[in-house]
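Visitor: Listed below, chain by chain, are the residues.
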Amino acid sequence: MFLATAKEFLAKEYPLDRIRRPDGGEFAGFDRAWWTSAADLGWTALLVPEELGGGTISDDGTRDLALLAEQLGAGVAPGALLPTNVVLAGLVAAHGTGPDHTDTIGSLMSGESIATWAVYEPGAPWSPHRPGVTATPVDGGGFRIDGTKDRVEAASQADLLLVTAATPDGTVQILVPATAEGVAVAPQWSLDLARAFGTVRFDGVRVDAGAVVGRPGDADVIERQLQTALVVQCAEVCGGLTTMFDTTVQWAFDRYSFGRPIASYQALKHRFADMRTWLEACRAITEAAAAAVGQRTDEAPQLVSAAKVFVGERALRILQDCVQIHGGIGVTWEHDLHLFLRRATVDQSLYGTPDDHRRRLADLADAAEHAESAVSAALREAAP
Amino acid sequence: MSPTESVEAFRSRARSWLAAAMPRLDHDAPQRLPGDDDELWLRARELQQKLYAGGFAGICFPKEYGGLGLSRAHQEAFTEESADYEMPFLLNTPTFSICCATLLDLGTEEQKRTHIAAAIRGEQALVQFLSEPSGGSDLAGLLTRAERDGDGWVINGAKTWSTSAYAADYGLCLARTDPEQPKHQGLTMFLVPTKAPGLTVNRIRMVDGSTEFCEEFFDNVRVDASAVVGRVGEGWTVASRQLFHERNAVGGGSPYVSGHGIPPTRPVGNPFTIARLTGRADDPAVRTLLGDVIARSIVDSRLVARVSAGIAEGHLPPPASSLLRLFHAECAQNREDIALRIAGAGAAVGEASGPGHVGVAGLAYLSRQTASLGGGSTEISRNIISERLLGMPREYAPDRGIPFNRIKRGTR
Ligand SMILES: Cc1cc2nc3c(=O)[nH]c(=O)nc-3n(C[C@H](O)[C@H](O)[C@H](O)COP(=O)(O)OP(=O)(O)OC[C@H]3O[C@@H](n4cnc5c(N)ncnc54)[C@H](O)[C@@H]3O)c2cc1C
Numbered sequence: 001m002f003l004a005t006a007k008e009f010l011a012k013e014y015p016l017d018r019i020r021r022p023d024g025g026e027f028a029g030f031d032r033a034w035w036t037s038a039a040d041l042g043w044t045a046l047l048v049p050e051e052l053g054g055g056t057i058s059d060d061g062t063r064d065l066a067l068l069a070e071q072l073g074a075g076v077a078p079g080a081l082l083p084t085n086v087v088l089a090g091l092v093a094a095h096g097t098g099p100d101h102t103d104t105i106g107s108l109m110s111g112e113s114i115a116t117w118a119v120y121e122p123g124a125p126w127s128p129h130r131p132g133v134t135a136t137p138v139d140g141g142g143f144r145i146d147g148t149k150d151r152v153e154a155a156s157q158a159d160l161l162l163v164t165a166a167t168p169d170g171t172v173q174i175l176v177p178a179t180a181e182g183v184a185v186a187p188q189w190s191l192d193l194a195r196a197f198g199t200v201r202f203d204g205v206r207v208d209a210g211a212v213v214g215r216p217g218d219a220d221v222i223e224r225q226l227q228t229a230l231v232v233q234c235a236e237v238c239g240g241l242t243t244m245f246d247t248t249v250q251w252a253f254d255r256y257s258f259g260r261p262i263a264s265y266q267a268l269k270h271r272f273a274d275m276r277t278w279l280e281a282c283r284a285i286t287e288a289a290a291a292a293v294g295q296r297t298d299e300a301p302q303l304v305s306a307a308k309v310f311v312g313e314r315a316l317r318i319l320q321d322c323v324q325i326h327g328g329i330g331v332t333w334e335h336d337l338h339l340f341l342r343r344a345t346v347d348q349s350l351y352g353t354p355d356d357h358r359r360r361l362a363d364l365a366d367a368a369e370h371a372e373s374a375v376s377a378a379l380r381e382a383a384p
Numbered sequence: 385m386s387p388t389e390s391v392e393a394f395r396s397r398a399r400s401w402l403a404a405a406m407p408r409l410d411h412d413a414p415q416r417l418p419g420d421d422d423e424l425w426l427r428a429r430e431l432q433q434k435l436y437a438g439g440f441a442g443i444c445f446p447k448e449y450g451g452l453g454l455s456r457a458h459q460e461a462f463t464e465e466s467a468d469y470e471m472p473f474l475l476n477t478p479t480f481s482i483c484c485a486t487l488l489d490l491g492t493e494e495q496k497r498t499h500i501a502a503a504i505r506g507e508q509a510l511v512q513f514l515s516e517p518s519g520g521s522d523l524a525g526l527l528t529r530a531e532r533d534g535d536g537w538v539i540n541g542a543k544t545w546s547t548s549a550y551a552a553d554y555g556l557c558l559a560r561t562d563p564e565q566p567k568h569q570g571l572t573m574f575l576v577p578t579k580a581p582g583l584t585v586n587r588i589r590m591v592d593g594s595t596e597f598c599e600e601f602f603d604n605v606r607v608d609a610s611a612v613v614g615r616v617g618e619g620w621t622v623a624s625r626q627l628f629h630e631r632n633a634v635g636g637g638s639p640y641v642s643g644h645g646i647p648p649t650r651p652v653g654n655p656f657t658i659a660r661l662t663g664r665a666d667d668p669a670v671r672t673l674l675g676d677v678i679a680r681s682i683v684d685s686r687l688v689a690r691v692s693a694g695i696a697e698g699h700l701p702p703p704a705s706s707l708l709r710l711f712h713a714e715c716a717q718n719r720e721d722i723a724l725r726i727a728g729a730g731a732a733v734g735e736a737s738g739p740g741h742v743g744v745a746g747l748a749y750l751s752r753q754t755a756s757l758g759g760g761s762t763e764i765s766r767n768i769i770s771e772r773l774l775g776m777p778r779e780y781a782p783d784r785g786i787p788f789n790r791i792k793r794g795t796r
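As you go down the protein sequences, you meet chains U and G in turn.
Residue numbers for the first sequence, in this note's numbering: 1 to 384.
Residue numbers for the second sequence, in this note's numbering: 385 to 796.
Simulated from the structure, these hints should not be mistaken for lab results.
Here a beta-carbon is modelled for each residue, glycine too, at the ideal position from N, C-alpha and C.
Treat the hints with caution; some may be incorrect.
Claimed, not checked - Computed Cβ-Cβ distance ranges for the label pairs, DEER-style:
{"no.": "1", "chain 1": "G", "residue 1": "389", "chain 2": "U", "residue 2": "250", "range": "18 to 28 Å"}
{"no.": "2", "chain 1": "U", "residue 1": "247", "chain 2": "G", "residue 2": "521", "range": "25 to 35 Å"}
{"no.": "3", "chain 1": "U", "residue 1": "55", "chain 2": "G", "residue 2": "661", "range": "50 to 60 Å"}
{"no.": "4", "chain 1": "U", "residue 1": "16", "chain 2": "G", "residue 2": "699", "range": "21 to 31 Å"}
{"no.": "5", "chain 1": "U", "residue 1": "41", "chain 2": "G", "residue 2": "703", "range": "35 to 45 Å"}
{"no.": "6", "chain 1": "U", "residue 1": "17", "chain 2": "G", "residue 2": "790", "range": "22 to 32 Å"}
{"no.": "7", "chain 1": "U", "residue 1": "255", "chain 2": "G", "residue 2": "393", "range": "54 to 64 Å"}
{"no.": "8", "chain 1": "U", "residue 1": "253", "chain 2": "G", "residue 2": "699", "range": "19 to 29 Å"}
{"no.": "9", "chain 1": "G", "residue 1": "521", "chain 2": "U", "residue 2": "55", "range": "53 to 63 Å"}
{"no.": "10", "chain 1": "G", "residue 1": "469", "chain 2": "U", "residue 2": "298", "range": "14 to 24 Å"}
{"no.": "11", "chain 1": "U", "residue 1": "55", "chain 2": "G", "residue 2": "453", "range": "34 to 44 Å"}
{"no.": "12", "chain 1": "G", "residue 1": "430", "chain 2": "U", "residue 2": "253", "range": "48 to 58 Å"}
{"no.": "13", "chain 1": "U", "residue 1": "51", "chain 2": "G", "residue 2": "699", "range": "52 to 62 Å"}
Take the sequences, apply the hints, and build the full model.
Guide: Below is the structure:
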């Protein structure tokens, strides 16, 4: 019901033609009113527990969020699903350990305000625990923030920025209102036609101690945000992949060459078989990652990274194969394929590239004393 | 009826039993070189007997045939718990995951009670006599024939590429019983003792030096009527089921195995050990490769879980097991490729005495393609996926519907 409503709502408000913008104009952002309606449909309540006013239809908000993201991905929808839910995941994870942000959680859930995670910095790779932006403690409590963030999703539309910054006590996350004095937002070019990013400069921005989320040096909250971001990314890519794979299979039945459908040629049948296998694997790992994050199991860090490695790269291979099988039509602005390819390319690049997550998996395997069992699982082989 | 033991209770019982009864694996033991592996077979049977004596054998096989009648989740729990112990992996495939699974589905009551139970007790190994020198992919085109002789049958012909036949007691042998019928219809499956008079088994040396491959010559081999599996003339039904179990097994999806380990008969490069031994474990490029191996193995196991559940619950048709078969081959090849890359020159020229853990990457690389040939080639898996899962047009086959003895054949 929840998903069917989401689907209907998306198809009505953001059909692909609106995203493609045949006029070639710039994407300035999504409708605020539209986002408020999305929040009314429950898109921002999934990760928030009932005692904080949230809720979800099943008992597993992460799973529901993944299913919703899949719907959004199936139509390359715009919106603040990832940024706002990532911030909410952080606020919920930190709840009770630092200053109280119950009101903020409420206003994000109602869609009244939009938040985003400002974690990347210009020229730097994915390294959330080594921010260059500084938060210097000031007399009388509070901080002074200096530095620049970039690749901040929906930066120009966000009311609140959750900023990672270095303090003498380790990395801290601070909620900064976009209207605070000394904050300057500038738009960035984005490959995704339905998603805007920006840089944010912090020039001696003053916040009080109550703006801190959790405690300085608390890596768990950042990990939780990362896991949420990866689940949303992978799920929405799975949604888009399914749409485009199905479209391409149908195309192979309809398109004739040398008197027979191209679906009858083994060279293409075999590529479809590979794609079908990878698609199933993308769904399998995404579903497993979402379940692990939802249930907070010990394997969640490994599963989200494995999902990012696999979905991040295979999605692109599958989509490029879909382009190839469409022939010339596949490389036109008019065809839908590039909209999905853009989204999948952006998703594979952000919150750690597949290679970043490969190294993270190697680190996690070292950290877990069970490296040997990871190894024996990796070497599993059944010889006939 | 007693209530089924919970997975968690079973797991903790298995944990203490394993610690008390099974030998631990030594991860740093010198790499075994291929060669005479009879003792490994004795060892596997011994280990299976230990599992049986301890009450942990045949976890997913029904009780009436000597198993425990428990769920896949119980087997998974046992697999996890047993990861650090020596296990009888040689018996996994084809004995349990293919042959016993097929007998369970289509064998006679007597065959199930006799053979499945004996295998679970560690007293019998079963193998597959399917492929022939004239072709493996085109299995139904086989030439080995069985002719009626009174109550029984007489088999003549040749089989090849049969894994572990030298160490087995029985082989599931597909033979042509009616050459007047189209090729899929005149076939019958037999359960043939490997020591039957007239049956010669030779070992074939493989590229990596191992000798688990065999070829067999059938020279007037007599079997009883009770050797027929399924019905006379309906061998293709049995073979199809067997091939399903085979794809599932090589894809890692079979619930009938004692864990997901590698049998010790073949050299395998371990990228993690190699990284450590070559002093490259901290090199970021090497760590990226190791992370890739881990990622794929995690994805592989989640794919197995999803597809197995999908088939069991009916969301996916049985041919979906080919997804597992195809993906598993890709993962295995990727792992060999990565082991080779990390080993560097150590894969080419090694220690004085032999390849060691690093050089083994070179040997294992030579047999890289076994993962995509054994268990039916990945090309055939791709045909199955595109034709039976995606409904794409079938490949043209000029031999369809024609009596077998009128079909054109290649020269081999
Ligand atoms: C490690 C290993 C273990 C094995 N164990 C056993 C065993 O225990 N028992 C047993 O009976 N057999 C066994 N086999 C044999 C195996 O099943 C066959 O090797 C396999 O089915 C391929 O048959 P073939 O070798 O005759 O190749 P062929 O059938 O001659 O095929 C040659 C090539 O052509 C391709 N090809 C063939 N037909 C098509 C088509 N229609 N479309 C596209 N490509 C095609 C194949 O994929 C292959 O690449 C084993 C093989 C290996 C490698």
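Visitor: Hint by hint, note whether the structure agrees.
Guide: So, going through the hints one by one against the coordinates:
1. Separation of residue 389/G from residue 250/U is about 49 Å and departs from the stated range, judged on CB atoms against 18 to 28 Å.
2. Between residue 247/U and residue 521/G the beta carbon distance is about 32 Å. The supplied range of 25 to 35 Å therefore holds.
3. Checked against the hint of 50 to 60 Å, the C-beta distance between residue 55/U and residue 661/G comes to roughly 54 Å, which is consistent with it.
4. For the hinted restraint 21 to 31 Å between residue 16/U and residue 699/G, the CB-CB distance of approximately 28 Å keeps it satisfied.
5. Under the hint 35 to 45 Å, the C-beta atoms of residue 41/U and residue 703/G, about 39 Å apart, fit the expected range.
6. Hint check: residue 17/U to residue 790/G, Cβ distance near 59 Å, so the stated range 22 to 32 Å is violated.
7. For the hinted restraint 54 to 64 Å between residue 255/U and residue 393/G, the CB-CB distance of approximately 57 Å keeps it satisfied.
8. Taken as a hint, the range 19 to 29 Å holds for the pair residue 253/U and residue 699/G, whose Cβ atoms sit roughly 23 Å apart.
9. A beta carbon spacing of about 55 Å between residue 521/G and residue 55/U agrees with the range 53 to 63 Å that was offered as a hint.
10. Here the CB-CB span from residue 469/G to residue 298/U is close to 22 Å, well matched to the stated 14 to 24 Å.
11. Distance hint for residue 55/U and residue 453/G: a CB-CB separation of about 42 Å, consistent with the stated range 34 to 44 Å.
12. Between residue 430/G and residue 253/U the CB atoms are about 55 Å apart, so this pair conforms to the stated range of 48 to 58 Å.
13. As the Cβ distance of residue 51/U to residue 699/G is approximately 36 Å, the hint placing it in 52 to 62 Å is violated.
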